[in-house]
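Based on the hints, put chain H in the right spot on chain Y.
So the protein lines, in turn, are chains Y and H. Here my numbering runs 4 ahead of the position in the first sequence, where the first position is 1. Here my numbering runs 445 ahead of the position in the second sequence, where the first position is 1.
Please keep in mind that the hints were generated in silico from the structure rather than gathered at the bench. Hints may be right or wrong, so weigh each one.
Stated by the list, open to error - Under the rule of at most 16 Å between Cα atoms (straight-line distance), these lysine to aspartate or glutamate pairs were calculated in the EDC-like manner: (1) H:Lys506 with H:Asp460; (2) H:Lys701 with H:Asp685; (3) H:Lys650 with Y:Glu77; (4) H:Lys467 with Y:Glu77; (5) H:Lys483 with Y:Glu107; (6) H:Lys472 with H:Glu493; (7) H:Lys705 with H:Glu722; (8) H:Lys467 with H:Glu493; (9) H:Lys705 with H:Glu731; (10) H:Lys472 with Y:Glu77; (11) H:Lys705 with H:Asp658; (12) H:Lys650 with H:Glu579; (13) H:Lys483 with Y:Glu94; (14) H:Lys650 with H:Asp716; (15) H:Lys476 with H:Glu488.
Claimed, not checked - To give an idea of the chain H side of the interface with chain Y (calculated C-beta under 7 Å), a few residues: (16) Pro618; (17) Leu654; (18) Arg656; (19) Asp658.
Don't be surprised by glycine CBs; every beta carbon is placed ideally from N, CA and C.
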Amino acid sequence: MTSSLLPTAAVLDDDTWLPLDDFCRACGVDAHFVELLVREELLAPARREPVPAFCAAEIGRVRRMFRLQRDFEASLPAVALMLDLLEEIERLRAAMRRAGLPET
Amino acid sequence: MKFRDYYAVLGVQRDASPEEIKRAWRKLARKYHPDISKEPNAEQRMKEINEAFEVLSDPEKRAAYDRLGSGHRAGEEFTPPPDWAFAGGADEAAQFEDLGDLLDALFGRGAAARTAGFGADFAARGRDEHATIEIDLEDSFRGATREITLRVPVLGPRGAVRLAERTLAVRIPRGIRPGQRIRLAGQGQAGAAGAGDLYLEVRFKPHRLYRVDGRDLYLTVPVAPWEAALGAQVRIPTPDGPVDVHVPPNSGSGRKLRLKGRGLPGNPPGDLYAILEIALPEARTERHKELYRTMAREMPFDPRRHLSA
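Only chain Y is shown next, with the shape it has when bound in the complex (with noise of 0.2 Å):
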């Protein structure tokens, strides 16, 4: 086991944008991936010119639609209603969160 002190973590802030390419590394997935993703309009570049950039908010959402579309075998409209559905869970969670309620 080896061990090293590392001197700064980079926060990717919901505001920081990343170049395509750091964005698929940031994502786990590769360029095909997040441009077929633009295409059905699933993501929306934060802007296209000179390169496309993504907010790193995304990468959430990004690598859960990766694993939805790879382990359930779902197509994309698939995976789009399975986003919004668990999101809507976790909306859900939060207020009960909020409320002091238990999650489960």
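Here is chain H on its own, set in the frame of chain Y:
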């Protein structure tokens, strides 16, 4: 090399049909999918399940796996048979510590659509690594250093792949929120042309007192009926230490008192919301019961007025 029993991972017999294997994988996906499963290591578990399915669902890989593993049990050491076809000869097999990596090298995991971004080509930049880290609320409030242990393939001296355990100390930035990601450059998997990055998703352990929503904190504050009715100064805990809060007179249950800037640090900092909950003192003694009866007599109060037609 350790032998991993893919049939056991999927929970199927060795003679399972492709249909049975697929069904087993689907069932496990529903159970362990990281987006649904509550377990903290669901993503790791799902990786193992996917790896097992990738091998057993492909007839060629399955056949190779069956030949390789006959007579071995999970966790046992084994050496591949000498007639195993290797570009570099039988010695190279010993360099792969993981059965999965061995099969990857033989069949090229890049061919399967299962793992995105994976190339068996380590001449390039190493692969990025994704993991989650669970921290305490206090770690975000003050900033902290936390240790995590990763199990990652690393580049060995002869250019082969080894699995190694790596512990690193991670500096947790002050004010980080659940769901945010930290990028640690160069801490991903090693490649000949440099290492990839490590992406950590931050999660908070449930806190004894506070609930977290973005940068805001929520705290339930019980108050006595007279405190709620007459108003009061109450002392409540905050991550920075106790604070006196004014409860306005005639505060109902569920009333939210906002303590500006006392949530997670940031620009702007979050708020702490104290949610009042009126606690009822029990009427145990005759004296207490008399006090309640006096209130009933002298305070006209119909809480169910709105229920009648």
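Among the hints numbered above, which are violated by the structure, and what are their numbers in rising order? 2, 3, 7, 9, 14, 17
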